[in-house]
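If you want the building blocks of each chain, they are given just below.
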Amino acid sequence: SQQGEEDPQALSIQEGENATMNCSYKTSINNLQWYRQNSGRGLVHLILIRSNEREKHSGRLRVTLDTSKKSSSLLITASRAADTASYFCATEQYSGGGADGLTFGKGTHLIIQP
Amino acid sequence: DAGVTQSPTHLIKTRGQQVTLRCSPISGHKSVSWYQQVLGQGPQFIFQYYEKEERGRGNFPDRFSARQFPNYSSELNVNALLLGDSALYLCASSWTGMNTGELFFGEGSRLTVL
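First to last, the sequence lines map onto chains A and B. When we follow our numbering, the leftmost residue of the first sequence carries the number 36, and every step to the right adds one. When we follow our numbering, the leftmost residue of the second sequence carries the number 10, and every step to the right adds one.
Do not rely on the hints blindly, as some may be mistaken.
To be verified - Heads up, simulated SDA-like pairs for lysine to any residue below, C-alpha to C-alpha not over 25 Å straight-line:
| no. | chain 1 | residue 1 | chain 2 | residue 2 |
| --- | --- | --- | --- | --- |
| 1 | A | LYS141 | A | THR102 |
| 2 | B | LYS61 | B | ASN86 |
| 3 | A | LYS61 | B | ASN86 |
| 4 | A | LYS61 | B | LYS39 |
| 5 | B | LYS39 | A | ASN66 |
| 6 | A | LYS91 | A | SER63 |
| 7 | A | LYS141 | B | LEU48 |
| 8 | A | LYS141 | B | LYS61 |
| 9 | A | LYS61 | B | GLY67 |
| 10 | A | LYS61 | B | GLU111 |
Since the hints were derived computationally from the structure, they do not count as laboratory data. Bear in mind the structure is a predicted one, so any value in this text is a computation, not a measurement.
Chain A on its own, in the form it takes in the complex (with noise of 0.2 Å):
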């Protein structure tokens, strides 16, 4: 099952402008982390954020945490057309003693226009 999931599904905007993506989850996590993926290949890491931690940067990315209303956001600042892709949130949940592995959402499919 889905544990998160990313609003909205699709998002247009033209090169340069900011892109805002958000997630949504339902359990508590440990971290949270989004990846990127071009058309159906391989996922890409782009930046993790623990359950104590609310804001983190990482280039022309800045992720927010709020734990209260279990939810995420990644912004994209000065986009380009090679930001063109999906891009998933996955949570990584409290686990007793084994490996849940990461629960992915459905993604955001973001397209930059040239």
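Dock chain B against the given chain A, drawing on the hints supplied.
Positioned in the frame of chain A, the structure of chain B alone reads:
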């Protein structure tokens, strides 16, 4: 350094057949995870192996099995294939098996079941 490598990249099987997918992790990574991604969905966790032991299993039937070898490479086996097993199978490696942390994905094996 080589990333995560998967083989084969594409394969076509018929219902009832069996398939074996292979994965080589990044050098030094001891944990391998397998994910299934159906078209239009986010990846779903199948297995995690660490130091040759199964550390976690997702909600998949017993037709799915995996193992990890002494060199940390891994195989995913699916028996009695169903049409619904058609998907992109992703392998990911990481440093540790204690928490999932950041995952490094391969390009995937695209399985089509006819």
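Name the hints, by number, that the structure is in violation of. 3, 4, 8
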